[in-house]
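> Residue-level listing of the chains:
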Amino acid sequence: MNSLPSIAIPGQRLGSTATYFAGPGTHVHQNAVYASIAGPVVTDAAPPQTRSRPTLRVSRVTDTKHPSPSAATATTYKSKPRYNTLPAVDSIVLARVTRVQKRQATVSILVVLDESTSQPLDQSGAISDKEYMASLLTSAANPENHSNSDDLRFQALIRKEDVRAVEKDHVVMDEMFRVGDIVRGSVISLGDQSFYYITTARNDLGVFMARSEAGNMMFPVTWKEMRDPITGISESRKVARPF
Amino acid sequence: MASSATTGNPMPPSLSMPPSQFARLQPHAYLRAHLSPPSSDQPSVRANGRATSQFRVTSVNTGSLTHANGSAVVRIGDTTAVCGVRAELLHTSDISSWGVSQAPSKQNPTNTNEAKDSKSEDEDDQGQIQDLNLLVPNLSLSTGCAPGLTPGAPPSALAQSLSHQILSLLHTTNLVRADDLRIWYQPPNFDSEEFHNPGEGMEVDTEQSGGPEREIKAFWVLYIDIMILSMAGNAFDAAWASVLAALRDTKLPNAWWDDDNETILCSDDFAEAHRLTLRGLPIASSFCCFEGDAAAGWRANVIPDAEEQKKKKGSQQKWILADPDGYEEGLTQERACVVVDKENGKTIIVKMEKHGGWNVDSDDLRKLVDVSSQRWDDLKQALEQC
Amino acid sequence: MADRRRINGPPAGTRPPVYASLKESKTGVSERTLRQRQPTELRKFYLKTGMIPTASGSSYLEFAPSAALAAARSNPKSLIPPSSALKVACTVHGPKPLPRSVPFSPNLLLTTHVKFAPFAARKRKGHVRDTTERDLGVHLETALRGAIIAERWPKSGLDITLTIVEAEDDRWWGDAPDSHDASWGMLNVLAGCITAASAAIADAHIDCLDLVSGGVAALVSDDASTAPRLVLDVDPAEHRSIQSACVVAYMPARDEITELWLKGDSSRAALEKSDGRTGHEALIDGAVDAARGANTILTDAVRESIARSFAQV
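Top to bottom, those sequences are chains R, E and L.
With UniProt numbering, letter number 164 in the first sequence gets 164, and the count goes up by one each step, no holes.
With UniProt numbering, letter number 37 in the second sequence gets 37, and the count goes up by one each step, no holes.
With UniProt numbering, letter number 264 in the third sequence gets 264, and the count goes up by one each step, no holes.
One chain only, chain R, in its complex shape (with noise of 0.2 Å):
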């Protein structure tokens, strides 16, 4: 077996799928492991009792200094974050909501969270993060970063169906959303060409940071209710569940 590069390039020869099995960033073409996108190749053991070929993949993250591949990859972010995570189905993702209609909600994905990013962070993590924030400032030109550039950003609907797991009859969307509330939703599938379906029926899942009528941060109080804490006003929303 002759021995893995660090970094891979596209179309470098990583193994012969005898050996190992594809994993992302990678594709096979005559029996062989190709890497399809540059970076640090990273071997992902197959569990034990399965006995089966661990997965070669070429790592998006370039954040190496943790020798133990779970720890490397759990702290760090994307060099280029910005537009490479797609959501998913079973993507968390953080979306601002634009529109608010009496059988759905639409939301704007303002970031994409994978296992890395919805980690907690440790002191490495703020490091790497410190590059994330550079690239992100840059390239902030962006109208990406401006509140009304959602042409550019993945769009999502929450149906009412959707909101919560519990009295789903009961849900008026008025009272669970606010346009430019942030929300923490999970996508559960592609939809059609324009719209991801995502759902906030679990604890964890729903509005968690908002500004009141008075324009001020609210705190949540409960899982349906958040409060201004300068005028001391409720207004009700579906709260995900702090950390």
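No lab work stands behind these hints, which were simulated from the structure alone.
Mixed in with the good hints there might be a few duds.
Pairwise CB distance ranges, derived in the manner of DEER restraints [stated by the list, open to error]:
{"hint": "1", "chain 1": "E", "residue 1": "Glu353", "chain 2": "R", "residue 2": "Val28", "range": "58 to 64 Å"}
{"hint": "2", "chain 1": "E", "residue 1": "Thr263", "chain 2": "L", "residue 2": "Leu34", "range": "30 to 36 Å"}
{"hint": "3", "chain 1": "L", "residue 1": "Thr296", "chain 2": "E", "residue 2": "Gln317", "range": "28 to 34 Å"}
{"hint": "4", "chain 1": "L", "residue 1": "Thr296", "chain 2": "E", "residue 2": "Asp259", "range": "54 to 60 Å"}
{"hint": "5", "chain 1": "R", "residue 1": "Gly232", "chain 2": "E", "residue 2": "Thr52", "range": "33 to 39 Å"}
{"hint": "6", "chain 1": "R", "residue 1": "Arg202", "chain 2": "E", "residue 2": "Ala33", "range": "29 to 35 Å"}
{"hint": "7", "chain 1": "R", "residue 1": "Ser3", "chain 2": "E", "residue 2": "Gln317", "range": "42 to 48 Å"}
C-beta atoms are modelled at their ideal positions from N, C-alpha and C, and glycine is treated no differently.
Following the hints, position chains E and L against chain R.
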């Protein structure tokens, strides 16, 4: 979970997520958190690490394009502008109104040689350059320089406005002398002996030869094309600096009217070509004003409590940021642009523009002029190094 | 019809300058510099990725100036440049949502735009895309589509924009415009665009089968008596006449050609007797060899960009 939440103080969301996510979800709060100094005696630092009046590193490179009469690449941080100046000829015979408008040059044919800086000549200059469209700047953003701008589409509103700002600044600063663009012809004097060849036509002193009056046969038209290759905020400063550097680099070939061919001919001899003699060095500095409370503007009208309003206005926080990057531009409405030149160490304000809000007052503008004059020194050095 | 969205010059239009040295006898005109390189020797080029941080991926490619151009730059004598050196900036935006008008697509939809800067060539170019630019865009799209693994990016689009800051010459500037027929410079521009775009796509971390690079070969005849010979990476300014030329987009790992464009008459090639190939076969092989050469620089640039992003962390 409800009980844990009710206990109390709203936890700032920044603690539960990495700053990059916070920057994306709550950009305004993120930038404000950065600008608010931890203690009152410390200066504000922007999210990009710069001080409020600090510009990004600027580099200028000229003459790298093969097919332009003058060219420059200017980088201000991550914003890149490429400018190419191309000179083409406008024959006076092609100008429909030429017979009428040529009057001034006929009246005082010697004036241009004697009093280059006289006021009448300045006005004449401006008129001719403007009336005949001798300077043609066009800025293009359709280069994929930012994700929101579709390539192949007609110029966006931003591109059109930047092109016009550059055009009007070229006109108001009188940067280019009309005389550099004129191609004169001295018709042969058949009374006296024919001592000059057509190539020397423009050097001949008309008064001495006393023959037919010399006339303008053509003008150079300068096509000034600016491509913004990378757009990371403050496109105007970069575009203007690139225009300035490219014009300073521009060489026009020696050209004369050839009576036999009835056309203008040029010499390709590098030694005969002349550079433009520009008037001054006007340098643009742009700023934006970030308001600490984005909603303050409209809420002032909603809450009728005058006392509170006054207090609010006093505590209303604002930061004037020099050379904003794209992130900051996206979060601010109010813009200011100051164009200054320096003559014998004295700062001259060439243009001052401010729009989009009422937070920047006259005191602030005075400070901005000082900052701009400092910027002038820095950019002048960059322009002269290349 | 004046374009109201742009600043227009004088309404009557302007004329490009005419140089007296061209009008008069040819004696004053400097001779063209003939090719100094070996027939199989490629021009050097500079390629760097990630220079435009506002894009998901970007690259900049610049050909080394020819000997004549380098000499003219360091010691300028004439205002007429002897040749031209390609300069291309490429940006990649995406994957991003498709516009609402576009129907569902399970694959990544590729859009390519090629635009010349107005000052890119000897003749001033307009701001509106002309047919050559559209044509180049289509050829480029074909070249790249074969390399991208499009099904990994459902219902999203990728915009690839190339700005030609400086183009290639179609012929030596002193030759009359009609002495050769085709716009040979376009082939060099396309080859450069393919290589630059491939680097930018790799920089954007879009899944590809392989890095795809462009290469050009041509049959040239420098004097009328001999049969045209094969040269790689032709600079049209260095030859009296180009009979035929070919550009390929080539993926070396799979030995696959994703785009092929052959122009002119390739029947009269001067090949060795033992060589059983026909003219166009030799031409395509030559272009593939040129693309292999370009691929080494492309590979280095992509490796370097990955190494750079490692160093930053």
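> For each hint, tell me whether it holds in the structure or not.
Cross-check of the supplied hints:
no.: 1; hint: Glu353/E / Val28/R: 58 to 64 Å; verdict: holds (60 Å)
no.: 2; hint: Thr263/E / Leu34/L: 30 to 36 Å; verdict: holds (32 Å)
no.: 3; hint: Thr296/L / Gln317/E: 28 to 34 Å; verdict: violated (56 Å)
no.: 4; hint: Thr296/L / Asp259/E: 54 to 60 Å; verdict: holds (58 Å)
no.: 5; hint: Gly232/R / Thr52/E: 33 to 39 Å; verdict: holds (36 Å)
no.: 6; hint: Arg202/R / Ala33/E: 29 to 35 Å; verdict: holds (30 Å)
no.: 7; hint: Ser3/R / Gln317/E: 42 to 48 Å; verdict: violated (58 Å)
Hints 3 and 7 from the earlier list are contradicted by this structure; the remaining hints agree with it.
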